[in-house]
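Asks: Sequence:
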Amino acid sequence: MNAHSGEGASDREGAAWRVTRRSLIGGAVGAGLLEMLSWGTSHHNVAMADERLARPSAGDQVMFRAEAPHVYTRAQWNARPPRRPARILGRAPDRIIVHHTATANSKSGSLAHAFGLSRAIQNMHMDSNGWDDTGQQLTISRGGIVMEGRNRSLKTVRAGRLAVGAQVLHHNEHTIGIENEGTYMTKAVPDRLWSSLVEVCVWLCQQYSLDPSSAIIGHRDLNNTSCPGDVLYARLPELRKAVAARLGSSAAKAADGSGSVLQILPPLGNLG
143 MNAHSGEGAS
153 DREGAAWRVT
163 RRSLIGGAVG
173 AGLLEMLSWG
183 TSHHNVAMAD
193 ERLARPSAGD
203 QVMFRAEAPH
213 VYTRAQWNAR
223 PPRRPARILG
233 RAPDRIIVHH
243 TATANSKSGS
253 LAHAFGLSRA
263 IQNMHMDSNG
273 WDDTGQQLTI
283 SRGGIVMEGR
293 NRSLKTVRAG
303 RLAVGAQVLH
313 HNEHTIGIEN
323 EGTYMTKAVP
333 DRLWSSLVEV
343 CVWLCQQYSL
353 DPSSAIIGHR
363 DLNNTSCPGD
373 VLYARLPELR
383 KAVAARLGSS
393 AAKAADGSGS
403 VLQILPPLGN
413 LG
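Just so you know, we're using the working numbering here: the sequence shown kicks off at 143 and counts up by one.
Hints in this document: simulated from the structure, not taken from any laboratory.
This structure is a prediction, so every number in the text was calculated from the model and none was measured.
A virtual CB, placed ideally from N, CA and C, is assigned to each residue, including glycine.
Possibly wrong hints are sitting among the right ones.
Claimed, not checked - Pairwise CB distance ranges (calculated):
#1 G302 / H212: 11 to 21 Å
#2 S351 / G272: 29 to 39 Å
#3 G272 / D333: 31 to 41 Å
#4 A387 / P227: 36 to 46 Å
#5 A210 / G302: 13 to 23 Å
#6 P223 / P379: 37 to 47 Å
#7 P227 / T328: 34 to 44 Å
#8 D372 / A217: 30 to 40 Å
#9 H312 / N220: 24 to 34 Å
Taking the hints into account, I'd like the entire structure generated from these sequences.
Replies: This is how it looks when you write it as structure tokens:
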């Protein structure tokens, strides 16, 4: 995750994020900030074909579906008040940025773990980085639980607008970011996280009338970073195709004039 320049401390934030997300979160773990999360096995282990997570208890979570999205709000995960409200732009983003948190690959799929993750990210972003609030707009736990990140994000997505975050250096005013819990340099992505990521991207493409073939990109496409990890990044073409397939019926309606037309976005080289 990289600094954004709209929170009144751009120089300090820029300097802070010349180091990697992994080193910062690793430092937070070392300081005990994330100890309550029971992170599980080290991300240094080799890739596994099947990432098995402990099943949550009955009624412990609501899985995300684009047709009836359930995003846990900041109030539900007990977020701190932001230093100042997020700036709202009266337009849609044109890119969906896929991140990974670069934290250890927890085996917990519980709601309590997911909420603890969101609180820990917010504490790190506000206390260590000096940001106004959580940087990204949405967070997905390894159990597939979807949570609101930066304040005002959920309301603005539903309104087709953008709450400006702090997740991609120099590109925060036209992007929306999704943090995916875990480290995916060598490890496989859990099925439940992947399923929710697909659904979230379908939802965002629907809300913002975006074409997934050009809208869904990785953090490393815009900044000098390893995020979202080699394994997750390699699956982005698969993600785009899965989202496009889910949007197929909507695209057919648009073609015959009965639905909204997807935006055809410029190539990345034209972003400036």
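Asks: Run every hint past the structure and note whether it holds.
Replies: Quick rundown of the hints versus the structure:
Taken as a hint, the range 11 to 21 Å holds for the pair G302 and H212, whose Cβ atoms sit roughly 19 Å apart. Range check, S351 to G272: Cβ separation about 35 Å, and the 29 to 39 Å hint holds. The hinted window of 31 to 41 Å between G272 and D333 holds, with their beta carbons roughly 37 Å apart. Separation of A387 from P227 is about 37 Å and conforms to the stated range, judged on CB atoms against 36 to 46 Å.
Restraint check, A210 to G302: a C-beta distance of roughly 18 Å satisfies the suggested window 13 to 23 Å. The hint said 37 to 47 Å for the Cβ distance between P223 and P379, and at roughly 40 Å that hint holds. At roughly 39 Å, the beta-carbon separation of P227 and T328 lies within the given 34 to 44 Å, and the hint holds. Between D372 and A217 the CB atoms are about 36 Å apart, so this pair conforms to the stated range of 30 to 40 Å.
Between H312 and N220 the C-beta distance comes to about 32 Å, which sits within the given range of 24 to 34 Å.
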